[in-house]
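Sequence order for the protein chains is A and B. Heads up, our numbering is the position in the first sequence plus 1356, with the first residue counted as 1. Heads up, our numbering is the position in the second sequence plus 156, with the first residue counted as 1.
Any given hint could turn out to be false.
Listed next, the stretches of chain B that the computed footprint assigns to chain A, with coverage defined by at least 3 CB atoms under 8 Å from CB atoms of chain A [what the hints assert, rightly or not]:
hint : region
1    : 207 to 221
2    : 435 to 445
3    : 632 to 641
To be clear, the hints were calculated from the coordinates, so they are not data collected in a lab. Quick caveat, the model's predicted, so the values are computed rather than measured. Note that beta-carbon positions come from the ideal geometry of N, C-alpha and C, so glycine has one too.
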Amino acid sequence: MSGNMNITLKVWRQKNNDDRGKFETYSVPNVSEDMSFLEMFDVLNEQLIVEGKDPVAFDHDCREGICGMCSMFINGRPHGPLNGVTTCQLHMRSFKNNDTIVVEPWRAKAFPVIKDLVVDRDSFDRIIAAGGYISVNTGNAQDANSLPVSKINADEAFAAAACIGCGACVAACKNASAMLFTSAKISQLALLPQGAPERQQRALNMVAQMDAEGFGSCTNTGACEAECPKGISLSNIARMNREFLGASLTA
Amino acid sequence: MSKLDSKIPEGPIETKWSKYRSTVSLVNPANKRSLEIIVVGSGLAGSAAAASLAEMGYKVKVFCFQDSPRRAHSIAAQGGINAAKNYQNDGDSVYRLFYDTIKGGDYRAREGNVHRLAEVSGNIIDQCVAQGVPFAREYGGLLSNRSFGGTQVQRTFYAAGQTGQQLLLGAYSGLERQIGMGAVQMYSRHEMLDVVNIDGKCRGIIARDLVTGKLERHFGHAVLLCTGGYGNVFYLSTNAMGCNVTAAWKAHKKGAFFGNPCFTQIHPTCIPVSGDHQSKLTLMSESLRNDGRIWVPKRKEDAEAIRTGKKNPNDLAEEDRDYYLERRYPAFGNLVPRDVASRAAKERCDAGYGVNKTGEAVYLDFKANMMRYGRIEATKKGIHNPSEAQVNALGKDVVVEKYGNLFDMYKQITGVDPYENPMMIYPAVHYTMGGLWVDYNLMTTVPGLYALGEANFSDHGANRLGASALMQGLADGYFVIPYTIGAYLSNEIRTQAIPTTHDAFEIAEKEAQSRIDKLMSVNGAKSVDHFHKKLGLIMWNKCGMERREEGLKEAINEIRALREEFWKNVRVPGEANSMNPELEKAGRVADFLELGELMCLDALTRKESCGGHFRGEYQTEEGEALRDDDNFAFVSAWENKGNHEWELHKEELKYENIKIAQRSYK
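Bound-form chain A, shown alone (with noise of 0.2 Å):
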């Protein structure tokens, strides 16, 4: 631990979903600015352990910003103060010496709070199993290069698929609305060949468990793109809105 910063943390701290939950504060001393955001919580926790007190529960898993687990609210943003960046990425360079931190969990109905930070995503599986796949049963399969694919689609549906599910655009909403994640398989699907049989069907489905799961309504502010890790497009919602309104209209 060879760093020079002081931080003081101030962590949302709660035991249970029954709890009510408060803010505790704690200073950790020589932070290194090598070390990422995850890592200064190892120190702590470590910290905590010696004093015989309970860690603080987070979740992350492969601190290399793919896995989509990490999810902390750091001073009011959802991942921190960098674009394009989630939480396991952060790192301490990114703050200065004797700054103060508030830590917190997503905020949403639909993603109530498991213990302190750590909260259950749950909803996020519930809305991709209503109907965010296509329906090919292993074996199925043509030959791959038998459907040839534009590049240009190609490329939109990766970048739509380059979501993590981390839930850091429900998060942002000022109305906890998941509109940009349930969009960005709606997309991905939709601008691929192998996607169109069941599209309407698709976008009928996926929304309406979005709306069964009590995530509010898009109001347009763009909070969610602002703050997407991965630079998911808020015309994947515009694209949503299209294939929603096309399948009502014919179903």
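Since the structure of chain A is provided, determine the placement of chain B on it from the hints.
The following block gives chain B in isolation, referenced to the frame of chain A:
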């Protein structure tokens, strides 16, 4: 040797699989509905297997410790997936992929399994494209390929630097579809703590609900462990924080033999360690070696000057750079297999040519290829006599498209812009070729208990080639287990679901509970991470890139002592009956403390060098791995005898289709 039956079908290699597949026993659709299968782990192997088996009609339960099956660490694979499609018309074939994989594995993998893998590789790409996986494409709309290490053809399919993510999300969408239809029951935030055997067959698992802390019993006619590798035994690795050996280790203690535990892959291109606080290492994809040239300064003075900040790498003239891979291995150059590239980097750094503060880093430099791409682009755009800056800018655009996310990641972690300065890289633990021993059906030595993907030992021998892990995970899940499981389940159609009140479940749950109670009650002074870091250091120094008899013997003693101290002095805070990440870690580290000893024992026993297993005592004059085919052409399969004692069983490896030779990439 008698206990091991690999069940490789008879007959010529080309028809082993197709013939077996057409004759293996089937289960009729009505019976499938009453057969239950438990899948532990939701990565490529787990998700693919669960979705495929549910589509066939089996009742499936899936368990993962993350909050969603989409988070499994397959998601982090960057570079690509191999398939013998020969779309590039460059001479690829099933045989060549088979040959490259056996040779790349330094002749320590089974011919039968590897040929099957090569055969189904093409189907995987078809399946993924049908699912909507957005692979990279050319302007004509067809799929694009690139090169990976250890091969001379372009057979790697990719989706920018996020191939694993796209493949996993494809498999995950198939899984979620089955969950939505009620064919799969999903248990996320659940960790498997034991397998339950009844009358010599695996019949279920004990799992802990990580939210409530409650232990649960689950019955299955068969159990599939798709739980990944154990690289985190080294503490620092490119694995996710949660990756662990617990499921495989519990299975091992309940009778499943462990195959080749010492075969570990050290990946040559990772971001170097920055300090004590480091929690994990980040890989820079092997695909970067397509366009990046690896070098260190030719003169020690220059290396010294760079280390102390007096010189900048860009100042060094071409003739002052040592492109050591191109120098030592002209035929494969920067694309030698991972084990070879890693050792070569270590050799240069040990000799004093390392380029960062710690002296443990080499350069991966894109300048030459960026300029080459820039000139090509200029020609395409009809710009004659472009300026240096123009070429640079055009070349940068190409590199951004190919590797943009990796370059961004590098900059984010190190604070250095890799478009301006060469990347600094160093080898790090990445993958484990070893794992549970399985037969051709992917069944362990416990009937009804299977291991798929990285969790088994089967296809990569002593060294895995790049872009082959994704291939193996999906092959096992989509195209192998759906057939081979019939060989077992066709005899289980009369077995009724066993109630989980059975004594065996009772006892297994009690054991799991008492271990948790024990961990909670030590109440010592040191955190779990304290022990994990110490273990990692022992493993890295003595069972890492180079192993020697003396060091391995020391390591075994040190691990034993550390394990004893762990159970006396670990502190696990909080409660067992609620979410408790420290308790989860403690259980996993306790298992690593046992596995580490077996890895060292295996490394000690294998008195040869092969692939990633490099014993300092056994090397050629040029410092290459020196195999001993007369005495060590076998798979080590270790049987647990309890009390940290093991018995070695050997599965002899026969090469009937490939002439075994010294591996040469020169």
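Hint check results:
Requiring three or more residues with a Cβ within less than 8 Å of a Cβ of chain A, the coverage given for the region 207 to 221 of chain B holds, as 3 such residues are present. Only residues whose C-beta sits within less than 8 Å of a C-beta in chain A count toward coverage, and the region 435 to 445 of chain B has 4 of them, enough to reach three; the restraint holds. For the region 632 to 641 of chain B, the proposed coverage by chain A is satisfied: 3 residues have a C-beta within less than 8 Å of a C-beta in that chain, meeting the threshold of three.
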